[in-house]
Amino acid sequence: MSPPLKLAVPRGALFTETLDVLDGAGVDTAELRGDSRSLIFEASGLTLVTMRPSDVPTYVESGAADVGITGKDVLLEQSDRVVYELLDLGFGRCRMVLAARTGNDRLAEAQRRLGMMRIATKYPRIAERYFESTGRQVELVEVKGSVELAPLVGLGDGIVDLVATGRTLAENELEVREEIVECTARFVANRVSHKLRSAEIDDLTARLREASGG
Amino acid sequence: MIHPIPPGTRDVLPDEMRELRKLLSDLIEVFEAKGYGQVATPALEYDEVLTRGRGRGDNSAYRFFDEGGELLALRSEMTVPIARLVATRYANAEPPLRFCYTAAAFRAVSPQRGQMREFLQAGVELIGAPVAEGTVEVIEVLEAALDAAGLDQAVIGLGDADLHRDLLAELGLEEEEIGSVLKRLAAHDLVGLEAALAAAGVAEERVGASLELVKLRGGEDVLERAREHGAAAVVQAVDRLQGIGEALRSRPGGHRVQFDLGLMRDLGYYNGAIVEVYDPAVGQVLGGGGRYDGLMRRFGLGFSAAGFALSLEQVEAARLGERRREAGE
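Residue numbers (my numbering), protein chains in the order written: chain A, 620 to 833; chain B, 79 to 407.
Just so you know, the hints here were simulated from the structure itself, not pulled from any lab data.
Positions of the beta carbon are idealized from the N, C-alpha and C atoms, including for glycine.
Be a bit skeptical, because a hint or two may be false.
What the hints assert, rightly or not - Label-pair restraints from in silico Cβ distances:
#: 1; chain 1: A; residue 1: E747; chain 2: B; residue 2: E252; range: 28 to 38 Å
#: 2; chain 1: A; residue 1: R714; chain 2: B; residue 2: E253; range: 27 to 37 Å
#: 3; chain 1: B; residue 1: Q190; chain 2: A; residue 2: S663; range: 29 to 39 Å
#: 4; chain 1: B; residue 1: N170; chain 2: A; residue 2: A825; range: 35 to 45 Å
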């Protein structure tokens, strides 16, 4: 008898919508919505493990979780992690963009005069691939916190960051210059679990597809 | 005093060495009993030889010049060196030829991912046997090897490397589009696969049918469901897989095999049947192989060939994992 399927659930920005989709797929998430400090929950024949979205590919690749939900931005940034990407869940829609100060020419000026832009980002690998594929030289500055700060105090000429509504950008007098890729939440599976627990995973995929309106 | 070793390498101490030696000798015993003679080849080869086998842009991670200025490389697997050995030493021999090995191979690793730079492989190569019988034989040997390694729960995924290329050509895709679709499939990206098929102008219901196809994995029933797809490429692949399934059933083997219409190995040199080995106790693939007739042609031989390699580190991890699961931990 196999243990219940382990599902990695992302805390943070995707948390509420993930729980809504799981509810729609017939997984009872009431316990996760409470103020419990637990990280692991048993519900509807699944083991739900909550974690940071950026940890989901790590757990799923190793098989510590059989399946998981995380953002496409996370999967792109960790593209060396081998997981099955089974379903676009459609929620958590946002854009990865290149942004710079509103009405300021510094980004273009740096590119023209120095042949090199300095870009602050939390997504160095996505940014690196993007600038390389568009034939431009950049110096990438990796920051962990509020990236919007960087161009305001002169750390960089622009930023590569995830934008949902654009409000944070506007409040910091930044504007979108180029759109790199659109990202949504994805349902992923471990490579071995996908093969050996196919019936359970296919069933859950079908229910999630239904619930996410896909 | 600590003297470090490079990441991804390790020392083996007597306790583990005893277990490893037992595993290696059990595997070699199985291979030899089935007529596969053990060979060894140099860890170092001319880079040109390895590149000839693997194709462009798939270079060894470790290359250097020798004292005469020749470019040498550390092998990254054993199939190419054995193809080289056969071309040099057995060009006029009467096929089929059967070889087995246990050997260290070398590859680049991502930092801090627990990947081994130097890793131990055990496997077989069957060269010059008729296509259908050869594939069946290799799967039988693989099953016997898994039995000998004590992996009761290991499963062999069996797919067809030609299926998707043929199907995409049948759907009328250009070579470049086929490449971009296959890349998605090899990366296990089914969302991207759907988008790539749509972008290549495949009609919506054909996209849906193809996505259903790559999800088919399991017993004989998935082959019947695959037939419903209707395309000639799929029917041919299903016929090939069914033939292998029937041949395995008529012998003692076949109980570990799971058909997989979405199976795709990363290496460019496979054609026809491909296999991958899974164990529920570990999240990584234990090994794999298949048929690679094109590889032998690159070395000037008209032989068909098939084989597999198991990663012994993963086999050990699976053995430990299965024991833990049995103990109920």
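So, going through the hints one by one against the coordinates:
{"no.": "1", "hint": "A:E747 <-> B:E252: 28 to 38 Å", "verdict": "holds (30 Å)"}
{"no.": "2", "hint": "A:R714 <-> B:E253: 27 to 37 Å", "verdict": "holds (32 Å)"}
{"no.": "3", "hint": "B:Q190 <-> A:S663: 29 to 39 Å", "verdict": "holds (36 Å)"}
{"no.": "4", "hint": "B:N170 <-> A:A825: 35 to 45 Å", "verdict": "violated (57 Å)"}
Taken one by one, the earlier hints fail for this structure only at number 4.
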